[in-house]
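Based on the provided sequences and hints, a complete structural model is requested.
Each residue of the sequence shown is one higher than the one before, counting from 225 in the working numbering.
It should be emphasised that the hints constitute simulated quantities derived from the structure, not laboratory data.
Here the structure is a predicted model, which means the values were calculated and not measured.
One or more of the hints may lead you astray.
[Said to hold, decoys possible] For each label pair, taking beta carbons as the anchor points, the in silico distance ranges come out as:
id, residue 1, residue 2, range
1, 297, 384, 28 to 34 Å
2, 290, 381, 53 to 59 Å
3, 349, 321, 35 to 41 Å
Glycine is no exception: its CB is placed at the ideal position from the N, C-alpha and C atoms.
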Amino acid sequence: MPWRSICAPIRPSNGRLPSPTVGVGAGYLYYNMTEKDVDDGMVFAQVSVPISAWWGGAHALKKARIREDQAENDRLQAREMLAVEIEKSWSDLQEAYAQIVLARRSVDSATENLRENRNFYQAGTAPLTDLLDAETLYTQSRNNLTSAFAAYRTAMARYMRVTGR
Numbered sequence: 225m226p227w228r229s230i231c232a233p234i235r236p237s238n239g240r241l242p243s244p245t246v247g248v249g250a251g252y253l254y255y256n257m258t259e260k261d262v263d264d265g266m267v268f269a270q271v272s273v274p275i276s277a278w279w280g281g282a283h284a285l286k287k288a289r290i291r292e293d294q295a296e297n298d299r300l301q302a303r304e305m306l307a308v309e310i311e312k313s314w315s316d317l318q319e320a321y322a323q324i325v326l327a328r329r330s331v332d333s334a335t336e337n338l339r340e341n342r343n344f345y346q347a348g349t350a351p352l353t354d355l356l357d358a359e360t361l362y363t364q365s366r367n368n369l370t371s372a373f374a375a376y377r378t379a380m381a382r383y384m385r386v387t388g389r
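Next up, the structure:
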């Protein structure tokens, strides 16, 4: 973690951290009011240490570190969520393909059933209701195949979107 990026929010406009200041002064006073010479001298020093600015800087550093940790956690969570979403969309795509395979078998079976019932009806060995039931099953199996293809294309589009293709 670079020092500059953490300290940037607490730097004043001149780009420096607050620092202590030292002031030194001296004074001399002479007066003669009562025929007495009076000499007074003084020396003083002042040191100003901006602890509040240092505390604020440390506090700002801590906040910056917390924000950085939070951003890292958010990034990791988003990465994990993306991986889960990719895995789920892949699983959905495989399931949709399996539904197509199953629907094709169902259409093949319904086609064979319809052919047999048509032959039986033409031979007079099966009633019309059996033929109509076979035609209904055939139509339903074709509709299921169409729905399976639509679900597969939807799953494919979702997988492509999630993987960025």
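To see whether the hints hold, each was checked on the structure:
1. For the hinted restraint 28 to 34 Å between residue 297 and residue 384, the CB-CB distance of approximately 29 Å keeps it satisfied.
2. At roughly 40 Å, the beta-carbon separation of residue 290 and residue 381 lies outside the given 53 to 59 Å, and the hint is violated.
3. Remark: the range hint 35 to 41 Å for residue 349 to residue 321 is upheld by a beta-carbon distance near 40 Å.
Taken one by one, the earlier hints fail for this structure only at number 2.
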